[in-house]
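Student: Okay, here's what each chain looks like letter by letter:
2 protein chains.
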Amino acid sequence: VSVAADLARVVGAEHVLAPPPAWALHDATEWAGLRGSAEALVRPGSTEEVAGVVAWCAERGVPVTPRGGGTGLAGGCVPDGGVVLALDRLDRVVEVEPESWRMVVGAGVTTARVRRVAAENGLHFPPDPGAAESSQIGGNVATNAGGPHTLGFGATRRWVVGVEAVLGTGEVLDARRLHRDVAPYDLLGLLCGSEGTLAVITEVHLRLLPAYSPEPPVLAFYDDAEAGCAAAAAVLAEGQQPAVLDFLDAGALASAGRSGGFALLAEGAELEGAVASDDVWRWREGIAHAVAAQRGGKLSEDVAVPLARLAELVDGTVEIGARHGLEACSWGHAGDGISHGAFMLDASDARQVQRAHAAAEELFDLALALGGTLSGEHGLGRLKAHRAEEALGAPTVAAMRAVKAALDPLGILNPGVKLPRGPLRDRP
Amino acid sequence: VSVAADLARVVGAEHVLAPPPAWALHDATEWAGLRGSAEALVRPGSTEEVAGVVAWCAERGVPVTPRGGGTGLAGGCVPDGGVVLALDRLDRVVEVEPESWRMVVGAGVTTARVRRVAAENGLHFPPDPGAAESSQIGGNVATNAGGPHTLGFGATRRWVVGVEAVLGTGEVLDARRLHRDVAPYDLLGLLCGSEGTLAVITEVHLRLLPAYSPEPPVLAFYDDAEAGCAAAAAVLAEGQQPAVLDFLDAGALASAGRSGGFALLAEGAELEGAVASDDVWRWREGIAHAVAAQRGGKLSEDVAVPLARLAELVDGTVEIGARHGLEACSWGHAGDGISHGAFMLDASDARQVQRAHAAAEELFDLALALGGTLSGEHGLGRLKAHRAEEALGAPTVAAMRAVKAALDPLGILNPGVKLPRGPLRDRP
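In order, the protein sequences belong to chains A and B. Residues 1 to 428 (the working numbering) make up the first sequence, in order. Residues 1 to 428 (the working numbering) make up the second sequence, in order.
It is worth saying that the hints were derived from the structure and are not from the lab. Errors might be hidden in some of the hints.
To be verified - Reference excerpt, derived from the structure (chain B facing chain A, CB under 10 Å, subset only): (1) D174; (2) R284; (3) H333; (4) E362.
As the list claims (entries may be wrong) - Pulled from the structure, derived: some chain A residues nowhere near chain B, Cβ distances all over 12 Å: (5) D80; (6) A145; (7) V275; (8) A292; (9) A394; (10) R421.
What the hints assert, rightly or not - Here are the simulated distance ranges between beta carbons: (11) A/S277 to B/G261: 32 to 40 Å; (12) A/E97 to B/N121: 37 to 45 Å; (13) A/G239 to B/G371: 48 to 56 Å; (14) A/S2 to B/E95: 40 to 48 Å; (15) B/D279 to A/G257: 56 to 64 Å; (16) A/G257 to B/E95: 41 to 49 Å; (17) A/G122 to B/A211: 27 to 35 Å; (18) B/S134 to A/E285: 35 to 43 Å.
For glycine and all other residues, C-beta sits at the position ideal for the given N, C-alpha and C.
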């Protein structure tokens, strides 16, 4: 095959797999039935090799799907033909400067390793997305990943002061910055959360914090979503500034072996009737798996709404599931209004998968009707791109297309992700 | 004049001044001799009128210079022909939601008023740029303005969750977002700090904090810049997290009536030998004026370097001034490595102004040689755009030009600011 032979010359034959292995064709949406196709998996070992692969693809109009840990929940690294470009070999911790709270790492370093290396140097990397042992920092930047502590510490973007990235032309962009630098446009911020559609991130410069001693988390139970969300809103209205203010609904609690109508999990806030619980974080981290284990799979979303409308979203999620014959539950980050609504399913049953996707569309309808967004955490990926224009408005999507055309003029980077296929794909 | 008559139909005759008044042709760089020219000053009263003005200019290729409070220090609102578009009539506080820490304001609301309205509602708007009584929030967003508290609280960008803005085509972009929303590209972040070259910001949605009770500031004196900068670095290396870590060199101290080789001003940090000082903030706020008063004017810069190189920058600033026969001093934000190097001058003496500009060029050379940036706070504006490519590299400037062409295809928004005049201006 020409693709494999040509790219072998760029990265070495042992780093090209054609056809690609099955794991390179899906991400964590596999539970919801999403699988793609590609001609080859390529594993470059340096920024220069990434640039070489992208330039080769640009010359031939071959789509490139950048791939980090493959833990995404929106199908953002599910390929639709072309080449899967895995960043896992860029796994070097390049530099650590403990006294100035900085670290430089390759895009393929896992999130958990970033946090460990930071801790070994007396520092703290605040973002705490799920699947930290598998997810890679490059993917975290590409999705501007968040997690429970985003409320208090911001998402990945806040901690990135520079990236090295390869644009859709194969050109290398060195967007390193000081902590404060207002000379350039914020291209760095533009790449954060662009889901691999504007550039392939190859190296990340992080600003960290000194070691962090979290307050012990507390857990408080409420009769229902309305009471619990009102309590969450009261925490903020009182001027408390929690580092975490998460929630779990009745179904999520039941999946994880606890009974109750609704619960708040807070760090750095006082909640009436709350109890401290040392193992609550380990328990909380297991929720997604516990929910998936109910039927063997789940379609998990991440819509977000203003906190004042969160209870309606939580109750509505269960109702939508019921209408489609699926058990549903939700948990998430109340302080940021983010709900991981999940429809439980048996992924081997095509009808259930189909019903779950229909339910998800109704969940998107509900979130938008409540003044919310399609995605507070996962991105639009391949699963939600078709609703971008409805959610964001035509002028925003037109501006996004123009920016995409500026940095990826041939439209080869992750086509069909984030932006629906449109004029870009019709170009020669 | 056709410009005035046509635009009078858009905004009303009483809101068009042709020729424009003198104050509309300069910003705070007037002290350094920068004055522009324009055909008219236009003062639209709504986003729709702003869109009407920009659309009229786009059709005719007339340059538009958006103008906030005119407090900029890089010539970012000094017009080079065309129309000055002042946002001062968009001065409405549209909405305040104290319980969810949010506020929506017109672009023309002053920074001081944002802070006052926040305080009246039990909230705090952290950014504290200078000239807060005159500067406007739209200009703060357009320059991603910072100040002493940026070290602890981030610059303006961190507190903006949405803008309404008019692109170079006259189209209105409604980039409102929830606190967490990863559906769109970060167009919002892209507009922050774009210095009016990508869009005219007309409305700003802010996320605030609960009321803030600052620790009293402390002041510590050192023999010289080397000792003081070492003390600042030690604060961070010890894991202290100051909200403010500012510095003043000997010349700045002398201008402000204090003697000493070098001083650190900190909030939220312990410094050996420091003394608390209740009136230190008022004194600190007067520094820029006190320095300017020495000779009647100053050319004030805002280069930034890694903290480890700050002492070299501070000493080098005085040496550069001496070589050009100008007294020089510096003060700024040590924690962020930002130095306001100022060359004192008599603005009525053209030779002094010329020597100051030559000195500034050498200061830029020094900052870049120390691994720094041309601008940590003020932006590139019209004064520093000519060095953008050298400072940022050709690929970054090419990407900036492509992004500019995407949002302002005719190149009418603030041409010559941020990006040097180039291919964009050659377009029809």
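Student: Cβ-Cβ distance between A/G257 and B/E95: within 41 to 49 Å?
Tutor: 43 Å, holds
Student: Hey, does the B/D174 contact hint survive, CB to chain A under 10 Å?
Tutor: For B/D174, the interface hint holds, since the closest Cβ of chain A sits about 6 Å away, which is under 10 Å.
Student: Between A/E97 and B/N121, does the C-beta distance stay in 37 to 45 Å?
Tutor: At 40 Å between Cβs, range holds.
Student: Once the shortest beta carbon distance from B/E362 to chain A is found, is it less than 10 Å?
Tutor: At 18 Å from the nearest chain A Cβ, B/E362 fails the 10 Å test, so the hint is violated.
Student: Given a hinted range of 32 to 40 Å, is it respected by the beta-carbon distance of A/S277 and B/G261?
Tutor: 54 Å, violated
Student: Would you say A/V275 is clear of chain B, with no C-beta pair closer than or equal to 12 Å?
Tutor: 25 Å, holds
Student: Any Cβ of chain B at or closer than 12 Å to A/A292, or is the non-interface label fine?
Tutor: Holds, because the least Cβ-Cβ distance between A/A292 and chain B comes to about 22 Å, which exceeds 12 Å.
Student: Taking the shortest Cβ-to-Cβ distance between A/A394 and chain B, state whether it exceeds 12 Å.
Tutor: About 10 Å separates A/A394 from the closest Cβ of chain B, which leaves it inside 12 Å; violated.
Student: Given the hint of 40 to 48 Å, is the C-beta distance from A/S2 to B/E95 inside that range or not?
Tutor: Cβ of A/S2 to Cβ of B/E95: about 59 Å, so the range 40 to 48 Å is violated.
Student: Taking C-beta pairs only, is A/D80 more than 12 Å away from all of chain B?
Tutor: The claim holds: A/D80 sits with its nearest Cβ about 20 Å from chain B, beyond 12 Å.
Student: Take the C-beta atom of B/S134 and the C-beta atom of A/E285, compute their distance, and say whether it sits inside 35 to 43 Å.
Tutor: 50 Å, violated
Student: Do the numbers back the hint for B/H333, that is, is its least Cβ distance to chain A under 10 Å?
Tutor: 8 Å, holds
Checked against the numbered hints listed earlier, the structure breaks hints 2, 4, 6, 9, 11, 13, 14, 18; every other hint is satisfied.
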